[in-house]
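Student: With chain P's structure known, arrange chain B on it following the hints.
Top line first, the protein sequences correspond to chains P and B.
Sequential numbering of the first sequence, starting at 1109, is according to this note's numbering.
Sequential numbering of the second sequence, starting at 218, is according to this note's numbering.
Check before you lean on any hint, since a few could be wrong.
Just a few of them, taken from the derived set where beta-carbon distance is under 8 Å, the chain P residues facing chain B [claimed, not checked]:
id: 1; residue: S1207
id: 2; residue: G1357
id: 3; residue: E1507
id: 4; residue: N1541
Hints in this document: simulated from the structure, not taken from any laboratory.
All values derive from a computational prediction rather than experimental measurement.
Yeah, the Cβ is synthetic: ideal placement off N, Cα and C, and Gly gets one too.
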Amino acid sequence: MRPFYGALAGAGALLLAGMSTVQAATEIEFWHAMSGALGERVDELVKKFNDSQKDYVVKAIGKGTYDEVLNGTIAAYRAKRQPEIVQSNERSFLTMVNSGAIVSTTELMAQQGHPVEVSKFIAPVVSYYAIDGKLQAMPFNSSTPILFYNRDHFKAAGFDKPGATWQELEPQLDAIKAKGVSKCAMVLPGDYEWSFLENYSAVNDIPYATKRNGMDGLDTNFVFNKGKLVGQVERMKRLVSSGVMQLAGQGIIPIQLFTSGECSTIIASTASHAAVVAAAKFDWSAAELPYEQGVTPRNSVIGGAALWTLKGHTPEKYKAVAAFYDFLAKTDTQVWWHQATGYVPVTTAAYDAAKAQGYYQKNPTREIAVVQLMRGTPSDNSLGFRIGNSNQINVAIMEEVSAAFLGKKPVQQALDDAVSRGNEALRRYEQLNAGKK
Amino acid sequence: MKKMRQNKETENFRVSEKRGNALAVAAGGAGFRLRPPLRRLLPMRLLPKSAGDGRAESGLKRAHFQEWRLPFWLLAPQLFILLLFFFIPSIRALIQAFQLTDPFGATTQWVGFQNFERLFRSNVYWSSAQVTLIFTLAQNLLTLSVALLLAFASNHILRGRGAYRTVLLLPYAIAPAIAGIMLAFLFNPRVGPVAHMLQGIGLDWDPNRNSWHALALIVMAASWKHICYNYIFLVAALLSVPQSILESAYLDGAGPIQRFLRISLPMIAPTLFFLIVINFVYGLFETFAIVDATTRGGPAGATSILVYKVYQDGFVTLDLGSSAAQSVVLMALALFLTFAQFRFVERRVNYSV
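In isolation and in its complexed conformation, chain B is listed as follows:
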């Protein structure tokens, strides 16, 4: 019995160490440095008893509190923000999804599943789902591969490495609406310089009429904004790949590309996995401003991805019931995707770096 418990505990410990490791890698291989300052700051009684009590705990597991009040107050601001900006709106959206309501709130009717029925019957919604699938996959692929390429390249540059990194991070500081409008202008087939260049090389570039061009444009806009985010994590992850292994590979005659593909890439798999999850969430939820500024969902709804439809139906066309139903569906989808990724993809990720 006791043995079993111990086993379980060690397993728990392993799991938490896994997470800790993933986080540490994600946070740039800096490791968890929280403990020492915490120890200095807090009164002794609040901290876990150390080594003496015979329970072999270390790492994250050790930084727990024995009393609930302090941790509660430490968490309270975050919980309050979550309550205000996540739980209350989510619950309201859930309620609204079953209502038909006047935008001013003058009349409200309970309509059961009518909003959902309408949604699933609508061809427009299904084609939007299809576009979203293509968009999210393409965006994920482009973002990750370009970020990986840049991280790999800037790791191999010695002179001015910092400057390159700063420049590569800059787009992250640009507001999505501005990025979108700028790209829309640059690629505008009538007046945009980039569009003129494309037309110059014989491409009949016109995102105002061609759905695929428009889709390519929003994939580009969304990725351009998000490459930097991926890049920071990848640079940090690549730095944490032990130099000794790379050197021994070098001595064995592996070139830079081989070293990257055979050693670095598998070792940063946890970060890649984390980024894939994040990129999906980004593509599904945070891209409506970019779509609004770049194509407004056009031409003829060709780039109206699900999250843009939520925005458009809720805030432009004032169809609150449908918008709420859509956001509920989208939330379920995101939960499912994240779950599925942890369930099926994470198994293939090696955390024991």
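Chain P extracted, bound-state conformation:
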């Protein structure tokens, strides 16, 4: 019996010792939506932070897609078991701001003695995530759509590179199909409401919703059912019905159809660089988003996500959060993250540093997104989007627009329906959040 008790005591002592070392460092949880290669990069990033100091430990936990992370966070918050940090995508901005569940990043950093200067972040990121010059969330993985293309296919069809405008690009896509170079000249991305509609309206400087796309208040209304956007959906319809643009559908991700060499082009997030570099076995390149002939293209808008700090934790935990954010904003971290993932650097210093390294000379496609995001002065139509109930509206718009390009509804009617369904959801959001920003 004795040796048994001895062993038990020993185990107990070990357990206590183990616990005390864990307790020495403050542990915080970080829920994210990065999977595959990007998930591995997040783990590396967190390891870098944990190794860089001894006081704090960040635990990164992948919780699925953005929707699933948000759902999990809501459930956890209602059960009072929320993590300290959660990654949420750009369109959930208002949902998060008005949730009453978050601590604004500017406030947090000021309290913890790491004041953030908003001016060090790039403009399109600030205009999205800051209200009255105060960052609501910590900018993290920001992207923007660009045009990836298969250079072999373009050469085979007799083109040097894709045209800059839709008017030049469309005949090229038609030719690729007609000459039999590829059966699929373009594949429709899964997030086309972002790349084909929202970014289209920003780049071509046309209003998507009133009140500067919602920036000036919740009483905004959608207006994308007229003018150039109708033309854009007509174009999508023509490309789809002629078979020039293919739909990936379920069971496969659109970018896979590009990287496998089946489809010649895709308009996708610059973060797709990770997938393209890993899988494409042909000569590929990328270009800026096509725009309408005769337009001076504006900046595109960001996608991706930011890190939100949730309420209800102890000051020590917030100290850890602030230290982690401080680490994220460091130029070295940003440069590494930008190069490892394909997301854009969120600070101007990081962009300058990458440039000084000569990184863009070796990897010219990595700079396209940054240049496209920063070109010119943002107009009222290219500042970004501040739309309530955005998840609902997103689904409704995609349903109607796909009905249009699949030929189930006339384009104009589909867009009118999308606008009225969207506006209904906006009014509901306004009703619930009366008096908020």
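Tutor: Same frame as chain P, now just chain B:
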């Protein structure tokens, strides 16, 4: 007076025997074998007095308890699970159906019937109801007929009967999401081998654009998963058809198909009825994972059946009020359907096998 009571009692008894029979048939004709072990396990005082007291009870009716505590505790775990996973969520859904609420619960407003009004005004909801109707009927028909065919066929095979049955049951063990993704891939018009085969025979197969193809795909996916379930019950039911009747039909010169249609089929009617009810419930409530994995309700909402909309509006788009209202409507619909089936279809089912 006494006579009337007795009549009533015998009627009750008949009803319970009916149910018992249906269950017994459903459970593979094994009959109710609960009693003897129960008798051994429980102290005498808890059990009904037997034959001596002059009340002619038998079958299920006899297995009742005279005291409430033991049955209560025996039922408690099940009741607790029901409370936790059915009653509490149902009541919360009912409350939420009359509210407009922020997903994080920061703001909640009572809005009366606004959520329901919005639902019934929405064309999208009505077209979803229409799709659901087609989907549920098609799924029910396909599942039942294929399961019946397989049960009939495997009953006529002697060699390796067990192996066939095992293989036929396997799909039931596959998670709906996996089944859905697999079918989505196999039938993907760009990369799927089955889709290529269909295109090879000249069919312009494309569930990404064609609503009917997409609908066919989810009917197929949902049925494929559920055929096994139907199959188990049908095999058991077919086994319980008395051999003597089949043999006498055989002697009268009836072939296998005739014997099946004229004798077996009417005799397994209770099981068929039970399966129809179950298939409706399955189609209405349990198919959202399959839809999510196979088509995500697309193209353009063409396969967004009611239960998928509940899921999508609640968990993807965070429109909690509408999602709750939809689930209340769906629950009412399921109750109504089950009631209607018992009221109108069950009358035509013959239980006296």
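Student: If you test the structure against every hint from before, which numbers come out violated?
Tutor: Going through the list in order, the structure violates no hint and respects every one.
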